[in-house]
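Undergrad: Sequence:
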Amino acid sequence: MRRNSVLVADADTIRRDRLMAWLGAQDVSAIAASDHDAEGLGRELTPRLVVCRHDPHGISLCHSLRELPEPPMFVVVSDDPATEEHVYFDGRAVVAVVGALVETGALARFIDTALNASARLDVGRKRTRRAKATSRSTRLPEATVATSRAVH
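Sequential numbering from -9 applies to the sequence shown in my numbering.
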């Protein structure tokens, strides 16, 4: 499954299925899970992004999966109308908190955009790693460069 997928964790099957349908319309690969199965699936499938509720199950899922070697991004959906929507980096993972009043289609488009941004970051990281590895292996030590200049 890895880095182009979404795990949708929600005990409410109607809400979960509605989001899955919208994600499918955006050509986003997604797996639906109940609160009970979400942690195991998240560890097994290592998705790029996890959508969960702002409740004890969802918060527990976030805390658990953020400890993975490559933690996913999290979209935490709150039913509280007073919830302040924001996106932040907690030192291990990117977390977006959104209100449940957001239209499902808009949420699906946001998830698609977040996946694309995350994929571009992954490509950038791979290029940086490759460039560092290449520069280390092809670079001559400074003493060798100085000696070759002196000889010519």
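Simulated from the structure, these hints should not be mistaken for laboratory data.
Quick reminder that beta carbons are idealized off the backbone N, C-alpha and C, glycines included.
Please note that a few of the clues may not be correct.
For each label pair, taking beta carbons as the anchor points, the in silico distance ranges come out as [to be verified]: (1) D70 with V113: 31 to 39 angstroms; (2) N106 with Y78: 27 to 35 angstroms; (3) D27 with V87: 22 to 30 angstroms; (4) P71 with L35: 31 to 39 angstroms; (5) E74 with E34: 13 to 21 angstroms; (6) V113 with F79: 29 to 37 angstroms.
Undergrad: Does each hint fit the structure? Answer for all of them.
TA: We went through each hint and held it up to the structure:
One distance hint, 31 to 39 angstroms for the beta-carbon pair D70 and V113, holds here, with the actual separation near 37 angstroms. At about 20 angstroms, the beta-carbon gap between N106 and Y78 misses the expected band of 27 to 35 angstroms. Range check, D27 to V87: about 23 angstroms between beta-carbon atoms, so the 22 to 30 angstroms window is met. At about 32 angstroms, the CB distance of P71 to L35 agrees with the hint of 31 to 39 angstroms.
Taking 13 to 21 angstroms as the suggested C-beta distance range, the pair E74 and E34 does not conform, at roughly 33 angstroms. For V113 and F79, the hinted distance range of 29 to 37 angstroms is not satisfied, since their beta carbons lie about 19 angstroms from each other.
Hint compliance for this structure: hints 2, 5 and 6 are not met, and every other hint is.
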